Amino acid sequence: MRISKLFGKTQREAPAEAETVSHQLLLKAGMIHQVAAGIYSYLPLGWRVLKKIGNLIRGEMDRAGGQELIMPVLQPLELWQETGRDLAFGKGLFTLSDRRERKLVLGPTHEEVITELAKYNVQSYRDLPLLLYQIQTKFRDEPRPRGGLIRVREFTMKDLYSFDTDEEGLNQSYDKMLQAYKNIFDRCGLPTLLVEADSGAIGGKASHEFMAVNESGEDEIIYCDQCHYAANLERAESVKGKLEAEKLRPREEVATPDVGSIEEVADFLKIPQSHTLKAVFYIADGKLVFVVIRGDIGVNEIKLKNALGCIDLRLATEAEVINAGLVPGAASAVGIKGIKVIADDSITSGGNFVAGANKADTHFKNVNYPRDFKADLVTDIAQARAGDECPRCGAKLSSMRGIEVGHVFKLGTFLSEKLGALFIDQSGASHPIIMGCYGIGLDRLMAAVIELNHDDKGILWPFSIAPYHVYLCPLYQESSEVEAAVEKVYSELEAEGLEVLFDDRKESPGVKFNDADLLGIPLRVTISPRTLAKNSAEIKKRSEKESELVPLEKLTEKLKELISN
RNA sequence: CGGGGUGUAGCGCAGGGGGUAGCGCGCAUGGUUUGGGACCAUGAGGUCGGCGGUUCAAAUCCGCCCACCCCGACCA
Numbered sequence: 000m001r002i003s004k005l006f007g008k009t010q011r012e013a014p015a016e017a018e019t020v021s022h023q024l025l026l027k028a029g030m031i032h033q034v035a036a037g038i039y040s041y042l043p044l045g046w047r048v049l050k051k052i053g054n055l056i057r058g059e060m061d062r063a064g065g066q067e068l069i070m071p072v073l074q075p076l077e078l079w080q081e082t083g084r085d086l087a088f089g090k091g092l093f094t095l096s097d098r099r100e101r102k103l104v105l106g107p108t109h110e111e112v113i114t115e116l117a118k119y120n121v122q123s124y125r126d127l128p129l130l131l132y133q134i135q136t137k138f139r140d141e142p143r144p145r146g147g148l149i150r151v152r153e154f155t156m157k158d159l160y161s162f163d164t165d166e167e168g169l170n171q172s173y174d175k176m177l178q179a180y181k182n183i184f185d186r187c188g189l190p191t192l193l194v195e196a197d198s199g200a201i202g203g204k205a206s207h208e209f210m211a212v213n214e215s216g217e218d219e220i221i222y223c224d225q226c227h228y229a230a231n232l233e234r235a236e237s238v239k240g241k242l243e244a245e246k247l248r249p250r251e252e253v254a255t256p257d258v259g260s261i262e263e264v265a266d267f268l269k270i271p272q273s274h275t276l277k278a279v280f281y282i283a284d285g286k287l288v289f290v291v292i293r294g295d296i297g298v299n300e301i302k303l304k305n306a307l308g309c310i311d312l313r314l315a316t317e318a319e320v321i322n323a324g325l326v327p328g329a330a331s332a333v334g335i336k337g338i339k340v341i342a343d344d345s346i347t348s349g350g351n352f353v354a355g356a357n358k359a360d361t362h363f364k365n366v367n368y369p370r371d372f373k374a375d376l377v378t379d380i381a382q383a384r385a386g387d388e389c390p391r392c393g394a395k396l397s398s399m400r401g402i403e404v405g406h407v408f409k410l411g412t413f414l415s416e417k418l419g420a421l422f423i424d425q426s427g428a429s430h431p432i433i434m435g436c437y438g439i440g441l442d443r444l445m446a447a448v449i450e451l452n453h454d455d456k457g458i459l460w461p462f463s464i465a466p467y468h469v470y471l472c473p474l475y476q477e478s479s480e481v482e483a484a485v486e487k488v489y490s491e492l493e494a495e496g497l498e499v500l501f502d503d504r505k506e507s508p509g510v511k512f513n514d515a516d517l518l519g520i521p522l523r524v525t526i527s528p529r530t531l532a533k534n535s536a537e538i539k540k541r542s543e544k545e546s547e548l549v550p551l552e553k554l555t556e557k558l559k560e561l562i563s564n
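FYI, numbering that gives the first Met the number 0 numbers position 49 of the first sequence as 48, with every residue one higher than the one before it.
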């Protein structure tokens, strides 16, 4: 490809709207163009990269036994209502109506469609196991798109769905995908960390995410250096610092004028926050829920949502709290009736806590569970923190941020039951198919590769997904022998099937070198009067400082060797 | 949805006590240059985010709205 003909220009200055490195470089390199918040066009260079990522993924999916198919973007809302996931997605679902007022959605994913498809094409255990996948555009009305391609509203996704007859089969499919994913990210030059994850709106049992560790990621990872426990903060566990058991003392009231928050209570009474009980109020699917947790620990809303089994969860407003007859700032579960109480298991160690007295400006001392109050459910709903102890080995936990580039789920039979995707086993009995699903966001993967492979000059693409392999860079071609020599080299390389980006512009060396670096093409071949004097061309790897002179007649061979390694 | 910020040429920005817009880059033409974003000359390019108000006069003052970015909430 000749740059003079290439659609898309590099920019000297990155648009001010871009904050993350990958976003800046993609815009500066002319690979993408923003159309609206979280909606992008791909220009030829960016599109080549995305296609390469797609093909690399295809290779690994096929190798694992996957079969590619394609499904509609436009899906009937009814299908989503059948599984109830229209509610789980809520506002994240793009909806529209056709001319007959039939409600449709722009598919945010395809589990429903594929399960329905499986229902009509799988009857017997002999049809299983099955691995089906798609690479296509999906839509989610994200509350806040951000970071360029890291979080968008229209995106390209690879999803593979597994169908098995039993748990063992599901485990095998799951392991196959874990291996395929490792291969994919390795081949993309992207180091990733496998972490335990929450399965979110999709439901299901086990779930893992592949994280590219990076500051511009949106997820917080809690991990242990000692035993390598790693989990998304959404589901991370930790040892909450057990307190010494205390001899229970009688409960008593204490006046706490103008004292509301846990910090204030602890300060006022000169006690550690861990000796208080915090009350937090949520509205779960429209109903008020009373949450009790030790004062020094935060509530993990994902865990809470899972514990409640609710679809919608939000903090209650002060008005809602007061309406329920509670006293914000001095509430506790002591004596509470008619409201669901969920407690974190942190309240079961230690004792003689300070908690609200459900009376303005008053707290109780020496509150103990279960002597003084009851809970409908006691479970782990705590936010893990760096510094906590590892739940596996007891070492100190740390935290870091990551970009979620892959997410795998053991779905189980939730969808197949709802949609009636059944198979007949050897004895003639009917069972729901056991499913798994395995996603990779290609756009985000592309961004993550840049986040982890760049320098101050630009991108450093690995060969596997670079838009071109060779940047052919003649200098001063208009006033010398260079023109003829470089044209000859170009046609030779093209004839050999090498992927060459030919900078045939009449630009100064600085401009060309800088663009070569910005675009991140792995190999740069410079031909100038200086190199021609030695009948040579200069090869420089994007990743290295030094260059090397190679005789023209050996150039093609040398480049092929570099590319294939 | 809450908090903060920004909208002026393709990109980066200046202007703003009211008088009809400027710089750098890029782009076009001509010339000079020649290994890490060259130089000179000439030129094209603007509903100053939108609507309304104040005024003889609004990029500038006032009001409303919109878009985009960042933090949070939310998020296969």
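Rather than coming from a laboratory, the hints here were simulated on the basis of the structure.
One should not assume that every hint holds.
[What the hints assert, rightly or not] Here are the simulated lysine to aspartate or glutamate pairs, EDC-like style, with alpha carbons at most 20 angstroms apart:
id: 1; residue 1: LYS51; residue 2: GLU236
id: 2; residue 1: LYS27; residue 2: ASP455
id: 3; residue 1: LYS553; residue 2: GLU495
id: 4; residue 1: LYS364; residue 2: GLU236
id: 5; residue 1: LYS364; residue 2: GLU482
id: 6; residue 1: LYS358; residue 2: GLU300
id: 7; residue 1: LYS204; residue 2: GLU166
id: 8; residue 1: LYS505; residue 2: GLU482
id: 9; residue 1: LYS118; residue 2: GLU77
id: 10; residue 1: LYS50; residue 2: GLU166
id: 11; residue 1: LYS417; residue 2: GLU77
id: 12; residue 1: LYS533; residue 2: ASP516
id: 13; residue 1: LYS511; residue 2: GLU547
id: 14; residue 1: LYS559; residue 2: GLU506
id: 15; residue 1: LYS102; residue 2: GLU77
id: 16; residue 1: LYS553; residue 2: GLU486
id: 17; residue 1: LYS304; residue 2: GLU236
id: 18; residue 1: LYS557; residue 2: GLU493
id: 19; residue 1: LYS241; residue 2: ASP379
id: 20; residue 1: LYS417; residue 2: GLU12
id: 21; residue 1: LYS269; residue 2: ASP344
id: 22; residue 1: LYS373; residue 2: ASP344
id: 23; residue 1: LYS395; residue 2: GLU195
id: 24; residue 1: LYS358; residue 2: ASP344
Quantities reported herein were computed from a predicted structural model and do not represent experimental measurements.
Consistency of the hints with the structure:
1. LYS51 with GLU236: Distance ~38 angstroms between LYS51 and GLU236 Cα, so the pair is violated.
2. LYS27 with ASP455: Distance of about 13 angstroms is within 20 angstroms: holds.
3. LYS553 with GLU495: 13 angstroms, holds
4. LYS364 with GLU236: 29 angstroms, violated
5. LYS364 with GLU482: Roughly 88 angstroms between the alpha carbons, so the hint for LYS364 and GLU482 is violated.
6. LYS358 with GLU300: Violated, at about 27 angstroms.
7. LYS204 with GLU166: Since the Cα atoms of LYS204 and GLU166 sit roughly 11 angstroms apart, the hinted pair holds (cutoff 20 angstroms).
8. LYS505 with GLU482: Given pair LYS505, GLU482 holds - Cα atoms ~11 angstroms apart, limit 20 angstroms.
9. LYS118 with GLU77: 17 angstroms, holds
10. LYS50 with GLU166: With Cα atoms ~35 angstroms apart, LYS50 and GLU166 exceed 20 angstroms; violated.
11. LYS417 with GLU77: Holds. LYS417 to GLU77 sits at ~13 angstroms (cutoff 20 angstroms).
12. LYS533 with ASP516: This hinted pair is violated, its Cα atoms lying about 25 angstroms apart.
13. LYS511 with GLU547: Within the cut-off at roughly 18 angstroms; holds.
14. LYS559 with GLU506: Violated, at roughly 27 angstroms.
15. LYS102 with GLU77: 8 angstroms, holds
16. LYS553 with GLU486: 16 angstroms, holds
17. LYS304 with GLU236: Cα-Cα ~15 angstroms, so holds.
18. LYS557 with GLU493: Holds, because 15 angstroms separates the two Cα atoms, which is no more than 20 angstroms.
19. LYS241 with ASP379: Satisfied, since the Cα-Cα distance of roughly 14 angstroms is no more than 20 angstroms.
20. LYS417 with GLU12: 53 angstroms, violated
21. LYS269 with ASP344: The hint is violated at about 24 angstroms.
22. LYS373 with ASP344: At roughly 13 angstroms apart (the allowed maximum being 20 angstroms), ASP344 and LYS373 satisfy the hint.
23. LYS395 with GLU195: Within the cut-off at roughly 18 angstroms; holds.
24. LYS358 with ASP344: Outside the cut-off at roughly 25 angstroms; violated.
Checked against the numbered hints given earlier, this structure breaks hints 1, 4, 5, 6, 10, 12, 14, 20, 21 and 24; the rest are met.
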